[in-house]
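Each chain is listed here by its residues.
There are 2 protein chains.
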Amino acid sequence: MRQSRLFTKTRREAPADETAKNAQFLIRGGYVHKEMAGVYSYLPLGLSVIKKIEGIIREEMNAIGGTEMKTSILQNKEVWEKTNRWDDGVVDNWFKTKLKNGTDVGLSWTNEEAYSNILKQYINSYKDLPIYPYDFKEIFRNEARSKSGIMRGREFYWKALYSFSKNEAEHNVFYEKAKVAYQNIFERVGIGNSTYITLSSGGTFSKSSHEFQTLTEAGEDTIYVDEQQRIAINKEVYTDEAIESLGLKKDELIEKKAVEVGNIFNLGTKFSEPFDLKYKNEKGEFESVFMGCYGIGLGRLMGTIVEVFSDDKGIVWPESVAPFKFSLVEIPSEKPEVKEMSEKIYKKLGENNVLYDDRDARAGEKFADADLLGMPYQIIVSEKNVASGKLEFKNRKTGEVKMISESEIDNLLK
Amino acid sequence: MRQSRLFTKTRREAPADETAKNAQFLIRGGYVHKEMAGVYSYLPLGLSVIKKIEGIIREEMNAIGGTEMKTSILQNKEVWEKTNRWDDGVVDNWFKTKLKNGTDVGLSWTNEEAYSNILKQYINSYKDLPIYPYDFKEIFRNEARSKSGIMRGREFYWKALYSFSKNEAEHNVFYEKAKVAYQNIFERVGIGNSTYITLSSGGTFSKSSHEFQTLTEAGEDTIYVDEQQRIAINKEVYTDEAIESLGLKKDELIEKKAVEVGNIFNLGTKFSEPFDLKYKNEKGEFESVFMGCYGIGLGRLMGTIVEVFSDDKGIVWPESVAPFKFSLVEIPSEKPEVKEMSEKIYKKLGENNVLYDDRDARAGEKFADADLLGMPYQIIVSEKNVASGKLEFKNRKTGEVKMISESEIDNLLK
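Those protein sequences? They're chains A and B, same order as listed.
Per my numbering: the first sequence ends with 493, consecutive numbering throughout.
Per my numbering: the second sequence ends with 493, consecutive numbering throughout.
Do not take every clue at face value.
Just so you know, same-sequence chains aren't split out, so a pair can sit in one copy or run between any two.
Stated by the list, open to error - Okay, derived cross-link-like pairs now, EDC-like style, lysine to aspartate or glutamate, Cα gap no bigger than 20 angstroms in a straight line:
{"hint": "1", "residue 1": "Lys-179", "residue 2": "Glu-315"}
{"hint": "2", "residue 1": "Lys-156", "residue 2": "Asp-96"}
{"hint": "3", "residue 1": "Lys-88", "residue 2": "Asp-450"}
{"hint": "4", "residue 1": "Lys-100", "residue 2": "Glu-352"}
{"hint": "5", "residue 1": "Lys-131", "residue 2": "Glu-147"}
Honestly, the hints are just simulated from the structure, not real lab data.
The shape of chain A in the complex, shown without the other chains (with noise of 0.2 angstroms):
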């Protein structure tokens, strides 16, 4: 894409009360736009990293057998007072509303219900399950304070799969596959290495769950890790018996700062049951469902990989996310052949690999342009360059400068 086409433009300035450092950094490289706390439109570089990561998503969990659908944002009373979810006394985070006749509504903040009150119509033998669906949304959250940009949404576009199994055997086999799936998604993305499946709390659904928890400062939640299994324990549950079940040992871990970055859960029959979401087994009894939820909130997995990668220039994206994998930055020159060369190279490299930055700017501006908006590779098209035969090409990660000649840029793509 030519950068003259793209309508956001850099700021040197975030506005002032903009604490967090994703935020900060995808503000001003025109990524996305803050509506209010918690709430952010994705501009389309912004778009472009959420859409990679969602590819990326739903390849690993299509490969494990999920079915995507997409349920409704506005969710009907009804549905959730069967598991008593609706009260504000016991889910304090809703966003509510009203339909003309006085009908109250609520906005999606998660969806258990929703799903085993879908599913019920379609569940009725063995042969039914398992079943895997799964939804993209955005979710809805009425956090009272909202402060780290990207990664804790009151608005948040999220992929949650649910499970349907006949029983917990079966259930087990699944999420196993899912931890894998989830780990896949992790190491795609650039994360794998500073992120553990984490034991954390079940909350009121089970005994406990699994986290995946990427170390940063930025987290909000403190674990303990240990580097070598590369497991880690979550301090809301780090207990000598939580230590001893997963057979670690206390001297060996590590206190850190991590962000959950997806979550798995097993929820046992405890949405199946206030449904009356049973199936026939062989024998001709019924049986409730064993249910299991799998969740990735994807506006908090971009902030992430933001506060990881970022350096004190900018964002560092990994290639796999990346809106560009190269910026080709011309160095405005009298010279025709400068743009000539940038022209060539930006049609041998293709409008979807490359920002190519044709603007009449300075070349402060487009270096300092480039190293903000975190492209993995900049390729350099100067006088000098162009009269030596050789253009510059620098890993934005490393910094590392090397000169490549022309003949090399087709390379580049394999």
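Take the given structure of chain A and dock chain B to it, following the hints.
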């Protein structure tokens, strides 16, 4: 996809309160789930149709210079107060809710304010224009009644593009391009023949606007159609003056019921002025940006396609938006050759192209389901067919059946 793995099932009856034909068929086919009047969840087959429609719209919007972004659903009161459209006395279909601290927020019912507010940050100079950002998002309108199935939702999935031009002349050039893009979209989704560009009211925005109206008895609008010239006039602006302005003759116009599947508006400076959205022209003077708006409701479009093409047996999808091009109907048999042949064809055509009815069910039920679900072509594999070396190939729309040999299957995807 194997139908045995599709968790949805067909139903004989739609809910009693569902009076719209589109929703009756879509619910019976397991395409959508009704959450409440005007609010539907999209099940896997339904989401597949929406994604195909979305892909076509995205291609056409990108082809005329559109840039995709995604604005938030939660809306800031202060932004809307600038145009006086926060007031429930002015806009009567808001859904509103509150943050924990008591701050009022609204749910997006249109995007003029959000776009003007965001673009104000990025438009400074004539060099920044024109630009054409657009959004796919959920839109919320608190309709007093909602009885047209997915054709008039309280929550619906929507595409809106806004054009930001230097002046009316530049706007007009794009407006004509957008008209063509819209015609392409309706052509590509299969309703080109029954869709008329229609002069209609500009509401409070401008003297007139253009709607794209598709003929169907299920439509809520009345239009007067010139079938030769393929243009129409909405009843709300059906005056002698309007007829004359289009060079039409009153006695050649036919009254029809229709549904508005798209609309395009000249917004002029109605929104840029309250937002002080100005640019500096080449002389260094400030001028207000000239805006246009181009909307399509994807659910409404999907519902319209169902209304236009369904027959008494069910839905008839045009190829471009069908979840699958083929239904492969295996008639259960004790002879293993039937399943063998079915599996072979399934593999040949590929899981993304064919819905393979591999269920253990009666032939009559399978035929009825294939007709209800509405894939464009049905391939029937029975004992008799396999023995004769020829398979039945049925066109869902025309009902025409021909016998094809196994080798002809390979040509079906070309």
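Identical-chain pair category, Lys-156 with Asp-96, by Cα at 20 angstroms: between (36 angstroms within a copy, 18 angstroms between copies)
Alpha-carbon proximity context of Lys-100 and Glu-352, limit 20 angstroms: neither (44 angstroms within a copy, 34 angstroms between copies)
Homo-oligomer pair classification [Glu-315, Lys-179; C-alpha up to 20 angstroms]: neither (43 angstroms within a copy, 26 angstroms between copies)
Intra- versus inter-copy proximity for Glu-147 and Lys-131 (alpha-carbon distance at most 20 angstroms): This pair counts as both: shortest intra-copy Cα distance 17 angstroms, inter-copy 14 angstroms.
Within, between, both or neither: Lys-88, Asp-450 at alpha-carbon 20 angstroms: within (14 angstroms within a copy, 52 angstroms between copies)
When each numbered hint is compared with the structure, violations occur for hints 1, 4.
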